[in-house]
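If you want the building blocks of each chain, they are given just below.
There are 2 protein chains.
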Amino acid sequence: MTDTSSPQDTRTLYLEDIAVGDRFVSGEHALDAEQIKSFASQFDPQPFHLDEAAGQDSLFGGLAASGWHTAAITMKLFVAAMPIAKGLIGAGVELTWPKPTRAEDVLHVESTVTEITPSRSRPGRAMVTVETLTLNQHGEPRQRLVSRMVMFARGAD
Amino acid sequence: MTDTSSPQDTRTLYLEDIAVGDRFVSGEHALDAEQIKSFASQFDPQPFHLDEAAGQDSLFGGLAASGWHTAAITMKLFVAAMPIAKGLIGAGVELTWPKPTRAEDVLHVESTVTEITPSRSRPGRAMVTVETLTLNQHGEPRQRLVSRMVMFARGAD
Chain A
1 MTDTSSPQDT RTLYLEDIAV GDRFVSGEHA LDAEQIKSFA SQFDPQPFHL
51 DEAAGQDSLF GGLAASGWHT AAITMKLFVA AMPIAKGLIG AGVELTWPKP
101 TRAEDVLHVE STVTEITPSR SRPGRAMVTV ETLTLNQHGE PRQRLVSRMV
151 MFARGAD
Chain B
1 MTDTSSPQDT RTLYLEDIAV GDRFVSGEHA LDAEQIKSFA SQFDPQPFHL
51 DEAAGQDSLF GGLAASGWHT AAITMKLFVA AMPIAKGLIG AGVELTWPKP
101 TRAEDVLHVE STVTEITPSR SRPGRAMVTV ETLTLNQHGE PRQRLVSRMV
151 MFARGAD
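Chains as they are written, first to last, in UniProt numbering: chain A, 1 to 157; chain B, 1 to 157.
These are calculated hints, taken from the structure and not from any lab test.
One or more of the hints may lead you astray.
To be verified - With a Cα cut of at most 27 Å, we get these calculated BS3-like pairs of lysine-lysine:
id	chain 1	residue 1	chain 2	residue 2
1	B	Lys99	A	Lys86
2	A	Lys99	B	Lys86
3	A	Lys37	B	Lys86
4	A	Lys99	A	Lys37
5	B	Lys37	B	Lys99
6	A	Lys37	B	Lys37
7	A	Lys86	B	Lys86
To be verified - Heads up, incomplete: computed chain A residues facing chain B, CB under 10 Å, no partners named:
id	residue
8	Phe39
9	Gln42
10	His69
11	Lys76
12	Leu88
13	Leu95
As the list claims (entries may be wrong) - Anything over 12 Å on all C-beta distances counts as not near chain B; from chain A, calculated:
id	residue
14	Arg11
15	Tyr14
16	Thr74
17	Glu104
18	Pro123
19	Leu135
20	Asn136
21	Ala153
Quantities reported herein were computed from a predicted structural model and do not represent experimental measurements.
For every residue, glycine included, the Cβ atom is placed at its ideal position computed from N, Cα and C.
Same shape as in the complex, but just chain A:
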């Protein structure tokens, strides 16, 4: 088990470099109201993502980032923290947002390898499950992401 706390890991990770329990901690992304509104106006133009007063009147009780914005920032932090050989290509994911992401949040992600399933048909290839928590500066979780991704051994096709 390795605790890898470098926000920008410059290695390239192959299958033999990881084990269940390995943890990758990213750098930080400071959010603000302008980013929240800009993303929302392009992709999730609902009042509580666009306007403070509308946010106050909503279930969120204040301006909240789109969950898809939190997911996109998570990916940015994750690709820098866990540089997988041939790239991070997700087969499928599950996402939950336990609490809304706010304009004052400074986000980072903590990813843990939870399962490694070698391919039966293709040697040197495995499906790797990673749980990624997106946390703010107070350690409060904003998103939980479980991803399944293909990883390759050195020299595999």
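Go by the hints and put chain B onto chain A.
For chain B alone, coordinates are given in the frame of chain A:
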């Protein structure tokens, strides 16, 4: 069962307006290489999302949109097609990307209500499960999204 094919539905949907099997079909979003690279440079800066030649050399066999970009475009189309009262607030989602999204894709989404589970503790409130397929102009699926969302009856808190 209602087939609602208006790309911009101007109604506001309450719990009593929907039933299992109801379907919502969105308008279209035409993608291009510039949008793919712009999103990727902000949120998923991997070579196969940023450069055609790098895409050719990758598992994708060509420039491919980030799955998170496909997800974000899906949300834009979905919020216009299924205007839920008090907003579309996802409790949790599952996502798979059966094939990469390409620069020449013109995307639309087709959402089907698959389950309605009334809240036991809060009358007039239910957890609604919706399956949303994101398809290109040839009907080829690019993403499957299953979302669980809160919906409210008229007059509920």
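Hint check:
no. : hint              : in the structure
1   : B:Lys99 - A:Lys86 : 17 Å, holds
2   : A:Lys99 - B:Lys86 : 17 Å, holds
3   : A:Lys37 - B:Lys86 : 18 Å, holds
4   : A:Lys99 - A:Lys37 : 18 Å, holds
5   : B:Lys37 - B:Lys99 : 18 Å, holds
6   : A:Lys37 - B:Lys37 : 21 Å, holds
7   : A:Lys86 - B:Lys86 : 42 Å, violated
8   : Phe39             : 8 Å, holds
9   : Gln42             : 7 Å, holds
10  : His69             : 8 Å, holds
11  : Lys76             : 5 Å, holds
12  : Leu88             : 7 Å, holds
13  : Leu95             : 5 Å, holds
14  : Arg11             : 16 Å, holds
15  : Tyr14             : 15 Å, holds
16  : Thr74             : 9 Å, violated
17  : Glu104            : 20 Å, holds
18  : Pro123            : 17 Å, holds
19  : Leu135            : 18 Å, holds
20  : Asn136            : 18 Å, holds
21  : Ala153            : 15 Å, holds
Checked against the numbered hints given earlier, the structure breaks hints 7 and 16 and satisfies all the rest.
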